[in-house]
Every structure is written in structure tokens, then in C-alpha cells.
Amino acid sequence: MTGFASPDIPAYFSYLLVLLVGTFVARANVNHLMAGFGNRWAFAGTWWLFLAYLALPVALFWFLDYTSALQDTSLFAALVVAIGYRQVFAGGVQGITMPGQSSALWQPFEAWVTRTNERILTRQKQYKDRFDERVRASLAANPKRLGAFETLTLERSNDPAALTQTLAPLRTDPPPPGAPARIVNVLWRDLRTSVPEDYGYLLYRRGLVSWWQYWRWLEDGRSKLISAGILVALVALGIAAALWLTSSSAEGEHWRNPLLRYHQWRFLKLNASDRDRWRSREYLVAELRMVSADAAQAAKQTAAVLRPLIRELRFRQIAQRQADEALQLVVDSHSPVVTAAHMPELIDCLRTQNDTVRLQIHRALLALQRAEYAGTEPDATLVKWVPAKDESTGDVDARVRQWQQWWSGAQRGTPGRPTTSTR
Amino acid sequence: MQPPTLSDDALKVLRAVRDRALDGYNLMSKTGLDPQKLYQAISQLVAEDLVSIRGDLNPDLIGDVYLVVPPTAFGYADLLLGQLRFKRAP
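So the protein sequences, as listed, match chains A and B. For the first sequence, the working numbering begins at 1 and goes up steadily by one. For the second sequence, the working numbering begins at 1001 and goes up steadily by one.
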């Protein structure tokens, strides 16, 4: 799906889309899986199942992007994964192939779903039995209610004559031990067999169970109450998060930092689409253009934007493209305050073990020198230096110190002097 | 593997519970089976691991049992119900 034509949208929109569509799909899955389970949303296990079904497409989407099976900025890929993640696991979606044996992960997941389902079924049966028991006990304890219950059952019975005959031995004088409870049991089974769906409603209409009891146990009232409670809590959490994100601290609004981190991640992401990398680059450049004129504040703002990118240059196995992109950003965003803020760190990155990146950094330093410190020339040997593969650590250190010495001079506004340790 | 020979009553019950969990009372209403036949049908399905059951599997208390097809048996249940549809086609 990496080559699949699709609108390219920011990755956070893709993940949000997967989450939103995934919410409906997860709800439908849980409802289908537990169809017939009364009050199913009143169990913690159901919510765990829901969360698992919700997390699955999001995790799968990330994983498929990580393994480059698709791109997480593809609108269509997001929709396909959110709706058809089962088919993706089963290998039924052309263009999206699960790497290696990863599709086998579906089996343990399904086994866990089955176990959870079984546990919920057990609990649901327990609760239902307790409800039935309470209602039956209340009917048996009150002759008037028992009479009303008997009338209702006889009205609705499939075979009133047989029912009357079954009850006859329980109506002797004196009555047999436990007669009321046994009468209720006979009537209960008959009513439930005759009107299996609506017996609760009929009991409620005759005033044999309260509305609260009926609604809570037979109209999924517990489920509705708990779902509403969770929804209210989520809305409150969302509002609180929105208020916090839009509120300001000393460093600006709180949303700026997560957004900055997001764009730094996207900028360095190896398999990001060209458009996605361009979006992040534009964002980072805009951030660097907005730095304060105050040197201390500018240093802080520049460090927040560039330090994570410059730090990557020290990593020996950094991809060529990542180094190119990072250094191009550093050079393109030069300005007196920005360059001054990151120059020492960039010079120190020359110590990287990757000689190709060292050469790129050296060229970037020369470019910055020409752009911002043209009046302070570095030593001629340093300008001509071409980092080589077999260069010793000591030689590299000497070049670093040469650059540092130039930097000290540049800051004072005087030309750099060659050091004695240079070749 | 040879598919099991399920009785018509067992297949009726399986079809009824394939898409939603049901208790014994509802099953009797939907399938038209009496408690004894329902008990026999459920016993067959339990023996084939096609359903998961809660409550005592007893003809006298069959209305109180709860029956569900576990997710791991969905494929097997669909296969058996599909075969039935195929056999009955003219």
C-alpha cells in the first residue's frame, strides 16, 4: 500500500481517523460478539474487550507503517486498517501484507477474547439468576403478589389446564412444606416458557417488579448507566485536556511542545512520505523564524527545535538522508540568533564516527560561517580539510578544537587563529 | 476430518444461537422444541464443543441454561450450517 494512490494527510489525522472509525468498529464487534448478553456493557471485561478491539487497529496501523507495509499518512490506508483489520491479519487485503509470522498474533488474541467472553457469560448468568431469585422470593413471601402472579401466568400460559393440574398438589390443606416457593417456581417456568422475551415487562406492568428493577436488569439499565458514566467522564477528560492544551505557560501554549515533538519525529522518520517530511520541515523552519531577538530566549527556543535533530548527527548509523535533511534545515534556517545558539553543539558533532556525516557537518559549518560570520575566516587548513575514513580520533579532535577556537573568535568578532595542534 | 452428524434439532439450536446468546426458555420458543428434545440437542452441541453453556444441563432446568457459540467455534458452526443449506438446495 506504500505505492497506493491516496491523499497524504498528517499522521495525527490518520491515527485520529483510525481511532474514530475503530471506535465504531470495536463497538460493533463487541456487540456482535456478545449479542444476547444482557447488560453486557456493565462488565469490566466488556470494556477491556472494547479497548483491545480499539487498540488493535491503531497498533496494527503503526506496525504496518513501521515495517513500511504502508504509510501512516495515507488516508485510504487508515480507512482500510480501521475497518478491515481482521482481513489484514488474515492476509485478505491486496497490497497490505503482514510481515513474517506476525499474522499468527491473531490466534492468541482470539483465544483471549474467547476466555473473556466466557467469564462475562458466567458473571451475567450469576447476576440474572440472582435477579430471578430475588423476584421469586418477593412473590413467594406475599400471598397477594403471589395471587397476582398466578393470574398473570394463567392468562399467558400455553396450556393453562396443565398448569392448574401441576399446581393442584401444592394447594392442599395443610399445604406441603415450602408450598409458596414451589408454586412460584412452577409459575415462573411456565411464564418464562410462554413469553420468554416479555415476561419482565409483564411483571412490571402488573406491579410485581418495580420500574427500577425492571429497567436495571431487563432493559440493560446497568449497561446504559455505566456507558453514560464513562461517556461523561471521557467528555470531561477531553474538555480538561483541551483547556490545558490551549492554556499558556512561560514557554507558550501547552500544545506547542507536543506538536514540536511530533514534527521532529516526522522530520527524522525514515519512511515518511516526501510531503509529510516537507510539512514537518515547513513547521520547524517557521518555528525557527519566530525565535525571540533576546539571545537567552532565542538559545532556549532554538535548542528546543534543533537539539534533538543535531543530536542525531552523532549516531554512527544515521541514514544519509536524515543527516542531509537535518543539516539542510540547520543551514537554511540560519540567522544571527539561531546560528549562535546551536553552533557549539554542531561543532561537537564533528566527533561522530561516521566520516561521511562528519564531512557534511564540516561543509555545513563552512556554509554557516560564510552566511553569518563572513568577517571571521577560519584557518585555511581547516577550510581545506576533507574528513577521511581512516582519520584518527586525535586528528578529528584537533579539527574540532580548531572550529571551537574559530567560534570563540567569531563570537568576539575577531578572525580565528590556527591552533598549534593542527596539521 | 469428517464433519459430525448433528440431528436436525441440534442444527436448529445451533442456528438460533450462532448470532446471539440465548437462554433455554428463548431457545424453546424459537426452535419449538420441548425441554427433553432441547436437552438432547444441546448435549450433542456440547459434545462437539460447538457451544459454551452456563447452568445445569438437566432436562428439568433446561430453561435456565445459557448458551453461546464461542468465537473460536464460529468458523466450525458456519461450516456446519452452510453444509445444511447446501444439502437442502434443490
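Derived from the structure by calculation, the hints contain no laboratory data. Here a beta-carbon is modelled for each residue, glycine too, at the ideal position from N, C-alpha and C. Some hints could be false.
Below, a sample of chain B positions facing chain A; criterion: calculated Cβ distance under 10 angstroms [as the list claims (entries may be wrong)]:
| hint | residue |
| --- | --- |
| 1 | Leu-1022 |
| 2 | Leu-1027 |
| 3 | Pro-1035 |
| 4 | Lys-1037 |
| 5 | Arg-1054 |
| 6 | Leu-1057 |
| 7 | Asn-1058 |
| 8 | Pro-1059 |
| 9 | Gly-1063 |
| 10 | Leu-1067 |
| 11 | Ala-1073 |
Not everything, but these chain B residues come out facing chain A in the computed CB check (under 8 angstroms) [claimed, not checked]:
| hint | residue |
| --- | --- |
| 12 | Asp-1019 |
| 13 | Arg-1020 |
| 14 | Val-1068 |
| 15 | Pro-1070 |
Here's how the hints hold up against the structure:
no.	hint	in the structure
1	Leu-1022	holds (6 angstroms)
2	Leu-1027	holds (8 angstroms)
3	Pro-1035	holds (9 angstroms)
4	Lys-1037	violated (14 angstroms)
5	Arg-1054	holds (4 angstroms)
6	Leu-1057	violated (13 angstroms)
7	Asn-1058	violated (13 angstroms)
8	Pro-1059	violated (12 angstroms)
9	Gly-1063	holds (6 angstroms)
10	Leu-1067	holds (9 angstroms)
11	Ala-1073	holds (9 angstroms)
12	Asp-1019	holds (6 angstroms)
13	Arg-1020	holds (3 angstroms)
14	Val-1068	holds (6 angstroms)
15	Pro-1070	holds (5 angstroms)
The structure does not agree with the numbered hints 4, 6, 7 and 8 stated previously, though it agrees with the rest.
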